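Enquirer: All chains, please: the whole structure from these sequences, using the hints.
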Amino acid sequence: MIGVGKIKQYSNVLDKPLSKGKQEVSLSAFAFLFSELVQYNQTQVDNIAELERRLEDAGYAVGARVLELLCHRDKGNRRETRLLGILSFVHSTVWKVLFGKVADSLEKGTEHEDEYMISEKELLVNKFISIPKDMGTFNCGAFVAGIVRGVLDSAGFPAVVTAHFVPMEGQQRPRTTILIKFAEEVLQREARLG
Amino acid sequence: MAAIYSLYIINKSGGLIFYKDYGSKGRMDTNDSLRVASLWHSMHAISQQLSPTTGCSGIELLEADTFDLHCFQSLTGTKFFVVCEPGTQHMEALLKIIYELYTDYVLKNPFYEMEMPIRCELFDINLTQAIQKDRVALSGR
Chain A
1 MIGVGKIKQY SNVLDKPLSK GKQEVSLSAF AFLFSELVQY NQTQVDNIAE LERRLEDAGY
61 AVGARVLELL CHRDKGNRRE TRLLGILSFV HSTVWKVLFG KVADSLEKGT EHEDEYMISE
121 KELLVNKFIS IPKDMGTFNC GAFVAGIVRG VLDSAGFPAV VTAHFVPMEG QQRPRTTILI
181 KFAEEVLQRE ARLG
Chain B
1 MAAIYSLYII NKSGGLIFYK DYGSKGRMDT NDSLRVASLW HSMHAISQQL SPTTGCSGIE
61 LLEADTFDLH CFQSLTGTKF FVVCEPGTQH MEALLKIIYE LYTDYVLKNP FYEMEMPIRC
121 ELFDINLTQA IQKDRVALSG R
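Chains as they are written, first to last, in our numbering: chain A, 1 to 194; chain B, 1 to 141.
Careful: at least some of the hints might be erroneous.
Think about it this way: if two alpha-carbon atoms lie no more than 27 Å apart in a straight line, the pair counts; the simulated DSS-like pairs of lysine-lysine are [said to hold, decoys possible]:
id : chain 1 : residue 1 : chain 2 : residue 2
1  : A       : LYS121    : A       : LYS101
2  : A       : LYS121    : B       : LYS25
3  : A       : LYS133    : B       : LYS20
4  : A       : LYS127    : B       : LYS20
5  : A       : LYS133    : A       : LYS96
If you are wondering where the hints come from, they were derived from the structure by calculation, not from laboratory data.
Just so it is clear, the structure is predicted and the values come from calculations on it, not from any experiment.
Expert: This is the structure we're talking about:
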């Protein structure tokens, strides 16, 4: 008989293997959803710092879940214990899964030992967003900063993560830098591990 | 050879939400541009009523001896119209491109209030690029 594949039937939906999921999502759909997220939070807060905090918290939830999912899918349930390991995981794997490309660059801060920077020419979440002049240095990339903080926190590398615009000469739009400042204990542990 | 004089975007109630002029021929002060916008909005609405056939969607092209006016109305009633030199080609395509830029950089911007004047940096930058590209393409033909 010409091969008729028989799909294995699972009695319990929890036994089904996790699917890879759809690889692509409509950018427009995400842009509208993110725009609504920002607008909703704007109605709930009184000032810009509060708005940034809320976006970061929203991202934190995403980051924690993304770490769990990627550890299972891409890393065979191994976890990172070294600083550079987790940073390159965020810079490559997390960025690839969330934004379809690896981050533009990963740098170590020159002024402080505990600072690292992930830079992007233009964050995907900011692609269609123009910040009005009266909002100053507000950056919707706070959402992405929250995602990074969620991933790092859940992996055992507590850090303070913020998103900044860095003006570049010769370019109209400033670059975005995600600044990661690790907690004391992370550096001490890293030093102990040698 | 052929050039755009000015671009207007009006919301569904006829208020001017975006105005840009290119060159001295199209230039108008604020009050005049507001007047032109509401004038065109009314004419567009009247033409829909005047049409002898049903289902008329309004004026798409107005040809005068010193200028042409091409108009595009979206499904939501937002009108994009451009005043240009007589005989300018491919304005409909340009209006569609501008509509796409509007949906991308204005409607997806969380800081833009619907029906309000457009103050989006990205929209301005991309619009300038689109007009520039169109100008180069036109002069190349």
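Enquirer: The structure should be examined with respect to each hint, and the outcome stated for every one.
Expert: Evaluation of the provided hints:
no., hint, result
1, LYS121/A / LYS101/A, "12 Å, holds"
2, LYS121/A / LYS25/B, "38 Å, violated"
3, LYS133/A / LYS20/B, "20 Å, holds"
4, LYS127/A / LYS20/B, "23 Å, holds"
5, LYS133/A / LYS96/A, "32 Å, violated"
The structure fails to meet hints 2, 5 from the earlier list, while all remaining hints are met.
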